[in-house]
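J.: Now for the letters of each chain:
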Amino acid sequence: MLLIDIERLKGLSDLFLQIIKKNLTAESLLWFENKTALVKSEEKSLQLNLTFSHLPKQTGKTPIHTDAQEAKEIAELLPGFSIADWTIDRLCRIWLLMQINSSDKEAYLKKINGLFSAAEMNEEVALYAALPFYAYPEEWIARCANGIRSNIGTVLEAIMYHNPFPAYYFTEASWNQLVLKAFFTEKDMSKISGLHERVNTALADTLNDYVQERMAAHRTVAPEIYHLIELTNQKI
Amino acid sequence: MCCNENFEERNAGEKIQTTLNLNDISGMKFFDPHVHMTSRTTDDYQAMADAGIVALIEPAFWLGQPRTGVDSFTDYYSSLIGWERFRSSQFGIKHYCTIGLNSREANNERLAEQVMEILPNFIFKEGVVGIGEIGFDDQTAAEDKYYRLQLDLALQAGLPVQVHTPHRDKKKGTQRSMDIAIEQGLAPHMVIIDHNNEETVKEVLDRGFWAAFTIYPFTKMGNERMVEVVKQYGTERIMINSAADWGISDPLAIPKTAALMKQSGISLQDIEMVTYRNAITAFAQSGQIDENDFIAVKNIDQSQKFESNTILRGGQQPRVDKNSIIIS
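Chains A and B, in that order, give the protein sequences. Sequential numbering from 1 applies to the first sequence in the UniProt record's numbering. Sequential numbering from 1 applies to the second sequence in the UniProt record's numbering.
Bound conformation, chain B alone (with noise of 0.2 Å):
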């Protein structure tokens, strides 16, 4: 038997109508460092930038459904830095990705070799912050080799590594990735470890990598848990992100976050390195990121009107209502 009790049940509570308060957190700036905007709606994307979000970065992932041929992978890059690129543009938000065989995908090895030839096609576009995601689902012989193969071309590049580290055998998996990093010759501040708990977090911080804490509901970090972790580790090296998908997780996980470390009395100078600075120093290494960049998004892509005409540049979204039943 499935799901279809769990559905009446969960469909059958009181509908609970109410607006989120991120007062606290007005006029701040955030970076999600790990979002799938492919995934999501274009409410998602207002509701981030209205939260603050001006950057973000998309690595590449699995979509949900197998790809079968090299051309679904061309697409699916070609996305990332094209229509995907485009339609953040016209909320505001600056947009990024990493490009990467996922681990998943990887176990596939006729079409993993393809993948890997179109690779440096893509790798080296303006806006692509580093190799991602990449590392280990299954912990296969075919996982680790074409881990290993993206961290040389990673090394060649020079550009960081976005490591997805494994839901299941987690912290040996975790343990294992760094192991390999440093065998391949990357040094630590080039790898970014994403998708850290408590278990975790203390040898990636001691060996010099980047920790990051996705912030996602159920199976990842809740954030009550991670503001017991800045307070215990400080922020050197911490990033948080949503690493929203199509599962049920929060693109607003960030400013939820950074509201509630501000009101368990977390400063906001540290609010801001694990929200913001942390993952634009870790991934500006790549050379890719430019600040002003957030702020050219919304005055050349998004909103500014020309020669006194109101038609909007590239096609801004215009606001919707999402309070009223009328639909214009």
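Just chain A, with the same shape it has in the complex (with noise of 0.2 Å):
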């Protein structure tokens, strides 16, 4: 079973194009649809290297604008993935990468992970942000669990913030890494798809530990920790 089948997110592609549409210049669109031609075409990454590092002088950065229909159609077509807090460079990212021939896997791999290895802040945050949408989704697992272990704190939110690619793929040891993770980070849980889904007894044994080691050391606990570790006793 997958996240995402081909025809919703062949739904979320074109959506995503028309909220891109929507939300760049006349110039700026043609300069995006020159460049994805070119980068779909090329057999080697030089194109898309190119592209996705210089997106953002050419888009902007500002908030991308969606209406209550396309924001309704895109928790249809993949229920906790959400671009409310995107930026418009984002989305076109996103879009981008979503556009790349995965026929050939060794190849299709290659040029992804050659992003990740030279990413810049705001570029690692687009890649992880992406992981819903990649083919070959186990390829990206272990990815997503060394993703974690970033200082980067928006790098950090891309991966738990509105991206359903963790609870769905992850095992039980990562998903409650990225848990205790978003707790010593002080991230919003609100934001965390599959958060409420995934409560296991591991991680509501640790996170009793915790709330011990908080209250012995005279610091707050939030209250989200409560709620996680109730939730699991309900379960059990």
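No wet-lab data here; the hints were simulated from the structure. Treat the hints with care, as some may be off.
What the hints assert, rightly or not - Cβ-to-Cβ under 7 Å is the rule here; a few derived chain A residues that face chain B:
1) T51
2) S53
3) G60
4) E120
5) M121
6) I152
7) P164
Said to hold, decoys possible - Not close to chain A: a few residues of chain B, all C-beta gaps over 10 Å, as computed:
8) E113
9) I118
10) P166
11) Q285
Said to hold, decoys possible - For lysine to aspartate or glutamate, the following EDC-like pairs were computed, each having C-alpha atoms within a straight-line distance of at most 16 Å:
12) B:K29 <-> B:E291
13) B:K171 <-> B:D206
14) B:K256 <-> B:E126
15) A:K57 <-> B:E126
16) A:K57 <-> B:D169
17) A:K61 <-> B:E199
18) A:K191 <-> A:E224
19) A:K40 <-> A:D104
20) A:K22 <-> A:D67
21) A:K61 <-> B:E291
22) A:K61 <-> B:D290
23) A:K57 <-> B:E291
24) A:K61 <-> B:D138
25) B:K220 <-> B:D206
26) A:K57 <-> B:D293
This one's a predicted model, so the numbers in the text were calculated from it and none came from an experiment. Ideal Cβ positions, reconstructed from N, Cα and C, are used throughout, including at glycine.
Each of the two chains sits in its own frame; use the hints to bring them together as a complex.
T.: This is the structure:
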């Protein structure tokens, strides 16, 4: 089973393009369409790498505007996913990644991994936010688990917030690491997809220890921790 | 014998606890176009933000320990556009960088060849405002070769160049650095000649290059001398930086020098030119500097509360009271 099938992926790609068209100037859109055509047709990664890096300069970085209907369609096509807080450069980057030909697995993986290996901070954010849309999802699970070890707060948020990939594909150990890391870095837990669905006793045990540790240190405890422990108790 | 006696002498003296008074320049904005934040602490970032530094450029340099493999360079360049950029944003300071192979490590030719191959992966990234710091250390043939190759790269990419001038045989090294830049076809206005002193500045300015001065105790410029340079040469194409790194150096060199300039009767407009505006003009030729980002980095990456929630976006660093003995 996949998080998202081909048909829904196509639906999201079309919807993203529709939103991009509304949010770009005619000049930027023309640049973007020309570059996308080059990226689609090339065998190597030159155009992809350059377009991916240059993109914000052409598109700007303003927050995107979506209407209620678009937001609803996105949520239906991929539950747990949202682009509500995104800027236009991020959406364009993700749409560009969705256009890469994936028929040759080895070549495809090489292209995406190449982007990861020399990624600038905001590029990294986009690359992780795109996790639900890459082909061969099983190949990205280890990459995502490693992303949770990042020190860059915005990268963590790209994996944790409104991103259904981890909850769908992570092992219990990786998932628990994500949740603990979110508490430790004081993230907004309400934005984490699958938080309530994936509670488990191992996590509840660790959270209980964490509560004790915080209290012993006279530090505050996030209310959501108690909520997760309570949810686990109801389940078992 | 090494330095033990010196330590004892240095550490035995009276330990003076004072606070730095920068009231004279309160409210001014500064841009440090050369500072190696990788080697600095979070206390430095906080002090720089408090003193008015809104943006900086971190040139790629020698880390103090020779690298033995190309992956060490990849990781270093990645950190300049990744982790260090984020770390800076946590204090509301916009972080740019220049990317290049430093002169010292150009002498390891086997490695230098490999580094030249990876440079194109980094120089087109957002916020990379030039090729740097490159130039001469010992003025060897290998340094000459990789300086020229990187000038060619800068020319192709349309990027400014940040040129490190040597400590030893400085005057001739500086002249040679400019001669070679011209030979490789660069326009002087695309080249920032760094670490100038009283002996080099005139020729650098006369030939149309940007002249940067590093305010760095003992080995480079002192800021009283800098005041005299500005009085003599004015402010056109002159900028100052701290080049603070892992040595005894000062990340507040720019605000301190601004305060000294003000006390010395230099006008606020002139101070702004050499501590902010000229560096932006020079490096904005990369097309990679937008002053609105200096404000945006504060709002987006640092302290904004969202959805009435006190969670800090991206993990802004909480302020600690350095003068309290309590650590909570």
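J.: Take the hints in turn and mark each one as holding or not.
T.: Right, here's what the structure says about each hint:
1. Here the hint on T51 of chain A is broken, as its CB sits about 10 Å from the closest CB of chain B, past 7 Å.
2. Here the hint on S53 of chain A is kept, as its CB sits about 5 Å from the closest CB of chain B, short of 7 Å.
3. Taking 7 Å as the C-beta cut-off, the interface hint given for G60 of chain A is violated, the closest approach to chain B being about 10 Å.
4. Nearest Cβ of chain B to the Cβ of E120 of chain A: about 4 Å, under the 7 Å cut. The hint holds.
5. Annotation: interface hint on M121 of chain A holds; nearest CB of chain B at approximately 5 Å, less than 7 Å.
6. The restraint placing I152 of chain A at the interface with chain B holds, with a minimum CB-CB distance near 4 Å, inside the 7 Å limit.
7. Here the hint on P164 of chain A is broken, as its CB sits about 20 Å from the closest CB of chain B, past 7 Å.
8. With a closest Cβ-Cβ approach of about 18 Å to chain A, E113 of chain B is found to remain outside the 10 Å limit, as its non-interface label requires.
9. Distance check for I118 of chain B against chain A: the nearest CB is about 8 Å away, which does not clear 10 Å, and the non-interface claim fails.
10. At roughly 30 Å, the least C-beta separation between P166 of chain B and chain A is larger than 10 Å, which holds for a residue marked as non-interface.
11. In this structure Q285 of chain B is separated from chain A by more than 10 Å, as the shortest Cβ-Cβ distance comes to about 14 Å.
12. The suggested pairing of K29 of chain B with E291 of chain B holds, with an alpha-carbon distance near 12 Å, which does not exceed 16 Å.
13. Between K171 of chain B and D206 of chain B the alpha-carbon distance is near 15 Å, which keeps this suggested pair within the 16 Å criterion.
14. For a cut-off of 16 Å, the pair hint linking K256 of chain B to E126 of chain B is broken: about 30 Å separates their Cα positions.
15. For a cut-off of 16 Å, the pair hint linking K57 of chain A to E126 of chain B stands: about 8 Å separates their Cα positions.
16. For the given pair, K57 of chain A sits about 42 Å from D169 of chain B by alpha-carbon distance, which is inconsistent with the 16 Å threshold.
17. A C-alpha spacing of about 45 Å is found between K61 of chain A and E199 of chain B, which places the hinted pair above 16 Å, so the restraint is violated.
18. Between K191 of chain A and E224 of chain A, the direct Cα distance comes to roughly 12 Å. Compliance with the 16 Å bound is thereby established for this hinted pair.
19. For the suggested pair K40 of chain A and D104 of chain A, the alpha carbons sit about 13 Å apart, so the restraint of at most 16 Å is met.
20. Of the pairs offered as hints, the one joining K22 of chain A and D67 of chain A holds, with about 11 Å between alpha carbons and a cut-off of 16 Å not exceeded.
21. This hinted pair checks out: K61 of chain A and E291 of chain B have alpha carbons roughly 14 Å apart, not beyond 16 Å.
22. Annotation: proposed proximity of K61 of chain A to D290 of chain B holds, straight-line Cα distance about 12 Å (limit 16 Å).
23. For the hint pairing K57 of chain A with E291 of chain B, the CA-to-CA distance comes to about 14 Å; that is within 16 Å, so the pair holds.
24. For the hint linking K61 of chain A to D138 of chain B, the alpha-carbon distance of about 44 Å lies beyond 16 Å, and the restraint is violated.
25. A threshold of 16 Å between alpha carbons decides the hint, and for K220 of chain B with D206 of chain B the separation of about 22 Å lies outside it, so the pair is violated.
26. Between the alpha carbons of K57 of chain A and D293 of chain B the distance comes to roughly 12 Å, so the proposed pair stays at or under 16 Å and holds.
Comparing the model with each earlier hint shows violations of hints 1, 3, 7, 9, 14, 16, 17, 24 and 25; every other hint is respected.
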